[in-house]
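Chemist: Knowing the structure of chain E, use the given hints to seat chains P and D on it.
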Amino acid sequence: MNSLAQKKSGLYNLRDKSENFLFILPAVAIFAIFYIYPFYKIFNLSLHEWNGISLNPTFIGLANFQELLRDKIWWSSMGHAAYITLMALTFQNTLAFALALACDREIRLKRFYRVVFFLPPVLSEIVVGLIWRWILDAGIQNGQQLGLLNHLLSSTGLPHLVNNWLSNPQTALTTIALVHSWKGFGWGFIMLLAGLQTIDHQLYEAARVDGAGPWSVFKNVTLPMMIPVILVVVILTILGSMQVFVLILAMVSQGLVYHTEVPVTRILAAMTSSGRFGYACAMGVMFGAILVAVSFAMKTLTDRMKQL
Amino acid sequence: MKTRVFWLLIFTLVIAMGCGGASRDDNTLIVWHWMTDRHAAFEELAARYEAQTGVKVRFELYAPSDIYSQKIIAAAQARTLPDIFGILDKKKVVAAFIESGFVLDLQSYFAADERAWERRLFPKAMSVNRFEAKNSYGIAPGIYGVPIDVTNIQMIYNKKLLKKAGIAKIPQTFDEFLEMAKLLRIHGISGLVSGWGEMWMIDCFASNYAFNIMGQDKVMATFRGEVPYTDADWIKVLDVFRRLRDAGALAQGIVTKANKYAEQDFALGRAAFAFNGSWCVNVYDDMNPDLDYAVMMPPLVNPQRPMSIWGGAGSSFHVLATSPNKDMAVAFLKWLTAEDQQTFLAERTKNLPANRYAAKTVHPVLAAFAANMDHTTHPTIWPVNEQFVVTEVFDKGIQAIIIGERTPQEVALEVQKVKQREMEKRRLRARP
Amino acid sequence: MLNRYQIKSAAKTAGVHFFLMAVAVTCLFPIFWMVRSSLMTQDTIFSDKSLIPAQLHFQNYWTAWVEGNFGMYLLNSIIYTVAVVGGIVIISSLAAYAFSRLQFPGKNFFFYLFVAAMMIPLPGGFVPLVVLMNKLRLANTRIGYILCMINVGLALSILLLKTFFDKIHHDLEDAARIDGCTKLGIWWHVALPLARPALAVIVIFNSLNVWNEYILALLLLNNQSLMPLQRGVMVFQGAHSVDYPVLMAGLTIAALPIIIIYLIMQKQIIKDLSSGAIFG
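Quick note, the sequences are listed as chains E, P and D, same order.
Under our numbering, the first residue of the first sequence is numbered 1, with each subsequent residue one higher.
Under our numbering, the first residue of the second sequence is numbered 1, with each subsequent residue one higher.
Under our numbering, the first residue of the third sequence is numbered 1, with each subsequent residue one higher.
There may be inaccurate statements among the hints.
[What the hints assert, rightly or not] Examples of chain D residues lying across from chain P (beta carbon under 7 Å, computed):
| no. | residue |
| --- | --- |
| 1 | Phe46 |
| 2 | Leu219 |
| 3 | Met234 |
[Stated by the list, open to error] Think about it this way: if two alpha-carbon atoms lie no more than 25 Å apart in a straight line, the pair counts; the simulated SDA-like pairs of lysine to any residue are:
| no. | chain 1 | residue 1 | chain 2 | residue 2 |
| --- | --- | --- | --- | --- |
| 4 | P | Lys160 | P | Ala367 |
| 5 | E | Lys41 | E | Glu67 |
| 6 | P | Lys124 | P | Met423 |
| 7 | P | Lys164 | E | Ile140 |
| 8 | D | Lys135 | E | Val28 |
| 9 | E | Lys41 | E | Phe91 |
| 10 | P | Lys124 | P | Gly142 |
| 11 | D | Lys107 | E | Leu14 |
| 12 | P | Lys134 | P | Thr377 |
| 13 | E | Lys306 | D | Asn108 |
| 14 | D | Lys135 | P | Ala321 |
| 15 | P | Lys92 | D | Gly125 |
| 16 | P | Lys425 | E | Val234 |
| 17 | D | Lys107 | E | Leu301 |
| 18 | D | Lys267 | E | Met225 |
| 19 | D | Lys135 | E | Ile30 |
| 20 | E | Lys219 | D | Lys8 |
| 21 | E | Lys299 | D | Phe109 |
| 22 | P | Lys163 | E | Leu146 |
| 23 | P | Lys425 | E | Leu55 |
| 24 | D | Lys167 | E | Asn56 |
| 25 | P | Lys164 | E | Gln144 |
| 26 | P | Lys164 | P | Met296 |
| 27 | D | Lys135 | E | Phe39 |
| 28 | E | Lys72 | P | Lys163 |
| 29 | P | Lys160 | D | Gln42 |
| 30 | D | Lys183 | E | Gly61 |
| 31 | P | Lys218 | P | Met423 |
| 32 | E | Lys17 | D | Leu192 |
| 33 | E | Lys41 | D | Leu216 |
| 34 | E | Lys219 | E | Phe91 |
Think of the hints as simulated: they come from the structure by calculation, not from any bench.
We put the beta carbon where it would ideally sit given N, CA and C, even for glycine.
Chain E extracted, bound-state conformation (with noise of 0.2 Å):
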């Protein structure tokens, strides 16, 4: 190639290029405005001992960071998040596998499972701590039980069972757990459903001649066109699970004891309750980190499965 026709070529290339850049700068100016700066200013005032009112933070260096490394509540508030974030991992994305699944192929009543199925997340979770409050009530009134879920135990034979589900130290976060998921399957089983529905025909078909079983169909050909997909599943429940709080406070108020507590709870406890706002940005950037890190730890772990 001649120097001329390299440099026209040159030139082209940087053409498209930025023509390409185009594409994206929408999105970079609004992330670049209303998520950079908030950000930069929490960085910023995390470093700071402030009580989100006087005019002048004081300045502190890293030590909220050190008292945040020794805040046990902290950590143990970061532990039952986590705890919620597994049993919606397996609990509930195991069941929105297992539906969409059942509703990948040609059966009846198939419109009506997508409806009923997404009815969960369309409720706030206002609504929905209220109404399973109610249906987790533990009180007596009249020899009868008031909630529900005890009613229903009691009178059909299991009183054993009946419980305080949600001011008994070893029931509450499961039950919190059980009523996130439940509100949170819908969107695993769309998204699933969505990816299902992608996968072509005609590599069922191909496995189907070749003789596979359905196990081996689902192992050799559904799970790895799903991995996308399922990757993208899992972070989103990860992310959205880690941040539930609106639930619980629905649900047990401030909270049962510390048994209750996740790291967004602290966050707004230490915000409004304590009055230390550099505090609470300390929070937030360091469970932003951590929920990177985690992520990232995923993404890795999908891209090594996705070699073998």
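Modeler: Chains P and D in isolation, oriented as in the chain E frame:
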């Protein structure tokens, strides 16, 4: 199809851009508050005020209260606070707002005409908004807010349920109360319900008994760090909760109940006793007009000292110091706390008025609440307050006692440990 | 005459249906309870245990609509949802297409930036955002709220769309390019239609987020006439008294439009597979 969607989008964007917020009208006072239950009454009063004086007042409601708190913090940072607003928080936070120049000192207005305005309102209501000379917040002495109602927190009992269990008189001492609770339990009736899913409610109950057991001075000394939380008297305070638990006197799930749900429980006759504030009258009557209930002081643990209860101003409004309409705002607040308006609010929202001359036709139960106003105290008028970090461990520790996870001694040790850590931090920070 | 295979197949289908129905019941029950409560009165709502109340108080819906000023709030919510979702669909599909198919400097950097942004939540990030919006004079405006909400859903939408774009075959695109289509044209005529299932998911997801959002609306907006539907619902949740039947009626009204959007969109996910453009 796609082009239609596209044009729908453009159309929506145009509408969206076209309508912005209304600009501030100089003749309009803007008031921010969180009191959902009173919003309608406020709006009616605003209409009356406009009819009388031509000044427009716009009440803006932001609820629930935790969002309201965030809203005023954001507005403080963005310098967009309205003419009149409430500060739904501890005195420390109010002090922070004053320090940053957001709150107008109303001393001169109250002092005018030989303190005419001040003398019309209950002293206890005023003291919540007052900063005395040499206060621990470093604020210049003055009066920084206007109370619009008065409240206190006591125990309420359900007459019908007590009769059902054969209880003839109300308990005077704590021991009597526990005996009654056991009796109620036999009849399948819950003893005490309260919003102990919320920290401040637990704190209030505990604080009442702390004052009864050891007196205010010793409690203040503890806050200052001179007396440890492991002191025998504090163990006695924590023991109150252990004894309640052991007697089975508490409603199921009390530690996860928001005050709202505890109120509903009592209104629906699910518990014989409740620990709640005078605002409950409105809720109880609303949910169950047939409820037959009355008020009593919490039963004494220590007969040598009086029982103290929390009370004082219910809600207060503050005036923005930098508002161009501050004189108009103060005039409105003065009108709002005048007899007629206070009577209207008291009747409409069943709350105790802040104006002492307005309490003419008051609900009998509210009158009973008001009768004990002299025994009230409030954290906002104490010389010292405990730090939030310590209070949280204390209140959560009480929850742990109630569900049987900890003993009073263990909780006292934990609280003292945190207290010492915080005192140490303060000392280090005080050093230059 | 049923052979073993047919019996087994029938049993399997029955089993699958049983499983699906059981889950469906747990999903339907709370909705059912919500609607049933909305037709009762404050006195009977706790005492009456029947599944279907004797008297149906439909006027609760009217009360909710009027007292909650639903007409105005509903219109606002619709405006916000349409604008935000439309904005996100266009902006994120442009960006996702570029990340998936085009080359430009800093491509990886920006992509991971978006991914990281999605990971790093900003609880409490609303307060600095409100301060910023005030500085930009966008506080208390519709367009300000819309832009903020677009940002909230952007990162996730880009990630989702890129994932789907990556999976699509290049054949159609190459064909279009040979025909002389511009990049933008390929995006509009080829990529978008192919990604319809993913776009439907994004529409549903973001619609739901905008529809149920109320914290940012309360913090950013002052003017009542700009408030979305959730603000109207909140009025029934007093600080102390809760007017349960009217609240339930209000919540039912608030849930309906989203269910309708979902009904429309979920058909999109399925419909396009039979239009075998790729799988042909």
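Chemist: Give a verdict on every hint.
Modeler: Tested hints:
no., hint, verdict
1, Phe46, "6 Å, holds"
2, Leu219, "5 Å, holds"
3, Met234, "6 Å, holds"
4, Lys160(P) / Ala367(P), "21 Å, holds"
5, Lys41(E) / Glu67(E), "20 Å, holds"
6, Lys124(P) / Met423(P), "31 Å, violated"
7, Lys164(P) / Ile140(E), "16 Å, holds"
8, Lys135(D) / Val28(E), "20 Å, holds"
9, Lys41(E) / Phe91(E), "38 Å, violated"
10, Lys124(P) / Gly142(P), "15 Å, holds"
11, Lys107(D) / Leu14(E), "14 Å, holds"
12, Lys134(P) / Thr377(P), "20 Å, holds"
13, Lys306(E) / Asn108(D), "20 Å, holds"
14, Lys135(D) / Ala321(P), "21 Å, holds"
15, Lys92(P) / Gly125(D), "23 Å, holds"
16, Lys425(P) / Val234(E), "42 Å, violated"
17, Lys107(D) / Leu301(E), "23 Å, holds"
18, Lys267(D) / Met225(E), "22 Å, holds"
19, Lys135(D) / Ile30(E), "16 Å, holds"
20, Lys219(E) / Lys8(D), "22 Å, holds"
21, Lys299(E) / Phe109(D), "16 Å, holds"
22, Lys163(P) / Leu146(E), "23 Å, holds"
23, Lys425(P) / Leu55(E), "23 Å, holds"
24, Lys167(D) / Asn56(E), "52 Å, violated"
25, Lys164(P) / Gln144(E), "17 Å, holds"
26, Lys164(P) / Met296(P), "19 Å, holds"
27, Lys135(D) / Phe39(E), "16 Å, holds"
28, Lys72(E) / Lys163(P), "48 Å, violated"
29, Lys160(P) / Gln42(D), "21 Å, holds"
30, Lys183(D) / Gly61(E), "49 Å, violated"
31, Lys218(P) / Met423(P), "18 Å, holds"
32, Lys17(E) / Leu192(D), "21 Å, holds"
33, Lys41(E) / Leu216(D), "18 Å, holds"
34, Lys219(E) / Phe91(E), "20 Å, holds"
Taken one by one, the earlier hints fail for this structure at numbers 6, 9, 16, 24, 28, 30, listed in ascending order.
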